[in-house]
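Q: If you want the building blocks of each chain, they are given just below.
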Amino acid sequence: MSQATIDADSRPNPLGVGADHPDYLRADSGLRSWLLTKDHKRIALMFYVGVILFLGLGGVFALVLRTELLTPEQTFIDANTYNQMFTLHGITMVWLFMIPAVPTVFGNFVLPIMLGAKDLAFPRINLASFYIYVLSAIILLGAMLAGGADTGWTFYVPYSTTSPTAVTWMGIGIFVNGISSIMTSVNFIVTTHTMRAKGLSWHRMPLFVWATYATSIIILFATPVLGMSLVLLALDHAFGLSLFNPRYGGDPVLFQHLFWFYSHPAVYIMILPSFGVISEVVCSFSHNQPASYRAIAYSSLGIAFIGFFTWGHHMFVAGLSEFDAGVFGALSMFVAIFSAIKVFTWVATLRGGSISFATPMLYFLWFLFLFVFGGMTGVAVATQSLDVHWHDTYFVVAHFHFIMVGGTLTSFLAAAHYWFPKMFGRLYDERVGLLTSVAVFIGFVFTFLPQFLLGNGGMPRRYFTYPERYQWLNVLSTGGAWLLGAGLLLALGNLLLALKWGKRAGPNPWGSRSFEWITASPPSKHNFEETPDIERSAYDYTLSEEVARERAKAR
Amino acid sequence: MNELLRTLLFLPRQASTIAEEIDTLHYFVIIMTMGGALLVTLVGGYFLFRYRRTAVQKHPERRMTGTTPAIWLEAVVVVGLFGMFIVWWVIGFWQFMAIRIPPENALEIYVTGKQWMWKFAYPQGANSISTLYVPAGRPVKLVLTSRDVIHSFFVPDFRLKQDVLPGRLTTLWFEAKEPGRHDIFCTEYCGVSHSTMRGEVIALSPEEYERWLQGKSPQPAVAGPVDMRPSSVTDYAPPEPVSMVRQGERAAAEHGCLRCHTLDGTPHLGPTFAGLYGTMVPLEAGGSVKVDEAYITESMMDPLARIHAGYQRIMPSYLGQIRPAETGAIIELMKSLRDVRPKPGASEPWGTVTVPETREGGQ
Ligand code: HEM
Ligand SMILES: [Cu+2]
Chain Z
1 MSQATIDADS RPNPLGVGAD HPDYLRADSG LRSWLLTKDH KRIALMFYVG VILFLGLGGV
61 FALVLRTELL TPEQTFIDAN TYNQMFTLHG ITMVWLFMIP AVPTVFGNFV LPIMLGAKDL
121 AFPRINLASF YIYVLSAIIL LGAMLAGGAD TGWTFYVPYS TTSPTAVTWM GIGIFVNGIS
181 SIMTSVNFIV TTHTMRAKGL SWHRMPLFVW ATYATSIIIL FATPVLGMSL VLLALDHAFG
241 LSLFNPRYGG DPVLFQHLFW FYSHPAVYIM ILPSFGVISE VVCSFSHNQP ASYRAIAYSS
301 LGIAFIGFFT WGHHMFVAGL SEFDAGVFGA LSMFVAIFSA IKVFTWVATL RGGSISFATP
361 MLYFLWFLFL FVFGGMTGVA VATQSLDVHW HDTYFVVAHF HFIMVGGTLT SFLAAAHYWF
421 PKMFGRLYDE RVGLLTSVAV FIGFVFTFLP QFLLGNGGMP RRYFTYPERY QWLNVLSTGG
481 AWLLGAGLLL ALGNLLLALK WGKRAGPNPW GSRSFEWITA SPPSKHNFEE TPDIERSAYD
541 YTLSEEVARE RAKAR
Chain W
556 MNELLRTLLF LPRQASTIAE EIDTLHYFVI IMTMGGALLV TLVGGYFLFR YRRTAVQKHP
616 ERRMTGTTPA IWLEAVVVVG LFGMFIVWWV IGFWQFMAIR IPPENALEIY VTGKQWMWKF
676 AYPQGANSIS TLYVPAGRPV KLVLTSRDVI HSFFVPDFRL KQDVLPGRLT TLWFEAKEPG
736 RHDIFCTEYC GVSHSTMRGE VIALSPEEYE RWLQGKSPQP AVAGPVDMRP SSVTDYAPPE
796 PVSMVRQGER AAAEHGCLRC HTLDGTPHLG PTFAGLYGTM VPLEAGGSVK VDEAYITESM
856 MDPLARIHAG YQRIMPSYLG QIRPAETGAI IELMKSLRDV RPKPGASEPW GTVTVPETRE
916 GGQ
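Going line by line, the protein sequences match chains Z and W. Sequential numbering of the first sequence, starting at 1, is according to our numbering. Sequential numbering of the second sequence, starting at 556, is according to our numbering.
Any given hint could be a false lead.
Unchecked claim - Part of the chain W face toward chain Z, derived, beta carbon under 10 Å:
id : residue
1  : A574
2  : L580
3  : H581
4  : I585
5  : F640
6  : S748
7  : L768
8  : M799
9  : Q867
None of these hints come from the bench; they were simulated from the model. Virtual Cβ for every residue (Gly too), placed ideally from N, Cα, C.
Let the sequences and hints guide you as you build the complete structure.
A: Pasting the structure below:
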């Protein structure tokens with residue numbers, strides 16, 4: 001094969017003839033045209049604003065918590081405020097940021113374009129999903145103001161059913177939020193099945209589509225269970241139904257089963273879309289096809305499936321029988337294997353590539369460390385005798401922050417930089433991008449590495465005051481949190497500045513072969529001038545665009 | 556080696572017979588985890604460098620698009636990894652069985668968790684609050700239950716933890732290696748004072764333990780910080796009859812009233828008892844009420860009915876949990892405190908008040 005055919009510098013854009021049509025940002029004007037839009041790209045931007053706001057809010061809560069933990073005794077808020085704050089932090093981050101972030105913003109924006117479609121299958125449902133998300137956020141914020149809740153995001157009964165706080169409304173808010181995610185995921189599934197461009201077979205699809213597809217399946221099966229458990233909880237709380245209250249014959253452990261039956265898969269809802277982002281980033285910047293396309297695509301489905309059978313590992317000390325604990329422990333090991341397959345495939349993809357080292361790639365490197373370390377500590381906590389010591393201590397807090405925040409946040413940032421030119425037609429400042437990325441990583445490690453040690457030392461989670469011997473590690477962690485916050489703000493600032501002052505990006509600034517880059521940047525209102533006809537896979541860096549088109553025409 | 560790794564990893568003392576064995580697995584797992592993450596990242600970083608665009612343009616032979624990946628290599632690595640995980644699992648499960656199944660001859664002690672205290676009842680009749688006395692060198696089996704919400708009984712020095720559920724009995728067993736004091740933490744979030752729901756295990760030599768059971772050794776001579784929590788005012792039943800006021804004090808300590816209310820006028824989570832009886836207090840819903848027998852009883856049985864303005868709605872109900880005689884004794888106690896003047900700030904609402912009690916740690 002000659003060097004020329006794979007030269008990443010050639011920037012094919014044969015279909016991206018968008019010049020005579022205004023892009024989607026300018027196609028219509030006026031507030032109404034935004035608020036009532038059915039364009040998936042505009043809806044994606046509205047979600048973008050929403051999730052960033054909630055990331056900020058959740059971040060502020062986090063800084064309040066960390067600052068309170070600077071000293072062993074009370075520092076500046078009281079115990080009750082602290083307890084509400086960690087609940088709010090968890091709820092905001094999980095349901096208003098991590099679950100929706102990647103699918104609703106980047107999924108919404110690029111998935112239809114990747115498939116060569118004009119829009120999602122149900123544009124109105126897509127818009128409704130956004131407003132339902134907003135409604136859920138309003139209910140949750142309202143509940144926070146009307147007394148909040150102090151149960152933690154896990155809502156364990158019977159504490160939650162007896163707590164005088166606004167637990168019922170929190171439950172309703174999360175229920176409504178679930179409706180929004182179900183609507184989005186149905187939209188994705190139907191779109192993927194029915195709206196692929198001519199010639200775009202399943203095995204030519206970009207891996208991001210696979211990841212989003214697998215996520216949507218989990219959402220579809222798991223979210224109703226959470227919805228129902230929270231309805232039952234709300235009934236218990238509001239009307240004393242006592243399904244879970246042992247005083248009247250209910251079973252508190254039943255709630256934990258129901259909760260984790262959703263929430264364990266939910267952690268994969270948070271991370272699978274990120275896997276999709278990472279796959280795109282790795283292939284695009286190394287100008288290489290994935291070392292094994294099928295390994296990445298099918299392991300997503302594997303995770304989606306096995307993820308449903310491991311929930312018991314959250315309950316080793318909650319009164320699970322030894323046998324059950326053993327089974328859940330062993331099954332958990334399988335999930336780790338699927339994730340390991342992905343990691344190896346990404347790394348192998350780098351080998352033999354032609355790598356341009358841009359900010360998204362640096363985020364990929366951080367992702368590797370945080371995700372692998374977080375994942376391996378996952379296996380560590382699935383090892384029962386060790387988990388007995390670690391359960392409900394800061395070790396678990398560190399584990400899930402490494403993997404969820406480390407994984408989701410780094411890939412969210414990678415996506416924000418990677419698709420920035422596509423979304424806005426401009427380039428961000430690369431040097432500032434790299435710099436902020438380093439700040440985010442260092443801040444992150446300083447925040448959460450000490451927490452592993454705190455957990456080893458036995459510091460329980462959700463503690464407002466703690467013995468003095470844990471102090472210096474807490475101080476390190478708080479310092480890290482502030483650095484992380486600063487890094488995130490700077491990254492946001494860099495992108496915001498680029499919106500106005502960034503250099504114009506061509507249709508395909510990274511020289512990627514993934515299909516969203518064959519149209520103009522930013523795309524016109526209907527994405528394509530003519531419906532594309534696909535005769536290559538999304539990562540074919542050997543077949544030139546012209547030849548692929550010729551073949552497609554000849555078909 | 557053990558000591559070095561234990562210190563590096565910030566693990567507490569290994570005070571139970573199982574602790575060292577668990578730590579050994581811990582070291583292995585953590586070192587592999589750290590090593591694995593570093594290795595993958597370093598390999599990734601090396602590839603980023605070696606195959607960077609400029610380098611590939613100089614050495615075109617490095618470019619390998621379209622070559623088949625080394626599937627077999629991946630397979631070997633994945634199978635190897637899986638093997639390692641299974642080894643962790645086998646050892647972990649085996650140890651877990653050892654933790655969970657108590658030996659036949661274990662001494663039984665009953666534990667009740669309650670917002671926000673631990674109560675211990677010994678078959679020989681003694682009782683204690685927050686402080687668990689056990690003999691060293693003998694297996695002890697705890698039978699745990701909760702009065703209200705889920706708590707979790709955690710002794711870091713023993714590497715042991717067990718959730719404590721209302722309406723269920725769970726068990727936990729351990730054998731303390733030698734006499735000493737060890738922290739007990741509650742690790743399941745259980746309400747506003749969750750982080751103060753602490754206690755300690757005091758392991759005594761078998762002779763000391765016998766003497767303690769017979770009430771002969773009220774202050775066991777064991778090294779460690781002195782426990783000053785109000786709930787340990789009365790550690791075991793006094794042998795001779797005592798006054799109503801004393802009994803009230805004991806009941807108030809035992810039922811956890813003193814975790815939130817104080818007797819000397821110091822500000823805390825709830826109104827101080829000092830000088831409270833007979834006064835008029837403002838209500839959250841407006842108006843005020845006289846603190847008399849009726850209001851005190853109502854506050855114990857249905858605390859949220861009429862809330863003293865400025866205080867959080869955090870008090871649990873004692874309905875069905877406190878004996879009538881104890882209610883009476885507590886009222887007597889409050890009457891006896893009629894003339895104790897509250898300290899400045901005692902009637903201030905929660906929020907200006909520091910939540911107390913952290914013991915010095917780090918032996
Ligand atoms: C994509 C990857 C993962 C994510 C997003 C994730 C997320 C989480 C979260 C959120 C929690 C804490 C829940 C809570 O108590 O609030 C958690 C705990 C746990 N995770 Fe993971 N996890 C991941 C991977 C793994 C893997 C691969 C394993 C095992 C092989 C694992 C095993 C565990 C266990 C056993 C716990 C419970 C620990 C305890 O509560 O004592 N996780 N994880
Ligand atoms: Cu507790």
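Q: Using Cβ atoms only, decide whether W/L768 comes closer than 10 Å to chain Z, and label the hint accordingly.
A: violated, 29 Å
Q: Classify the hint on W/H581 as holds or violated, based on whether any CB of chain Z lies nearer than 10 Å to its CB.
A: holds, 6 Å
Q: Against chain Z, is W/M799 within 10 Å by beta-carbon distance?
A: Given a least distance of 31 Å, the restraint on W/M799 is violated.
Q: Under 10 Å, Cβ to Cβ, is where W/Q867 needs to be relative to chain Z, so tell me if that hint holds or is violated.
A: Result: holds, 5 Å to nearest chain Z Cβ.
Q: Let's test the interface hint: is any C-beta of chain Z closer than 10 Å to that of W/S748?
A: holds, 7 Å
Q: Answer holds if the nearest beta-carbon of chain Z is closer than 10 Å to that of W/I585; otherwise answer violated.
A: Holds: closest Cβ of chain Z sits about 7 Å from W/I585, inside 10 Å.
Q: Would you check whether W/L580 satisfies its interface hint, that is, whether its CB is within less than 10 Å of any CB in chain Z?
A: holds, 6 Å
Q: Using the nearest Cβ pair, does W/F640 come within less than 10 Å of chain Z?
A: Holds: closest Cβ of chain Z sits about 4 Å from W/F640, inside 10 Å.
Q: Hey, does the W/A574 contact hint survive, CB to chain Z under 10 Å?
A: holds, 9 Å
Hints 7 and 8 from the earlier list are contradicted by this structure; the remaining hints agree with it.
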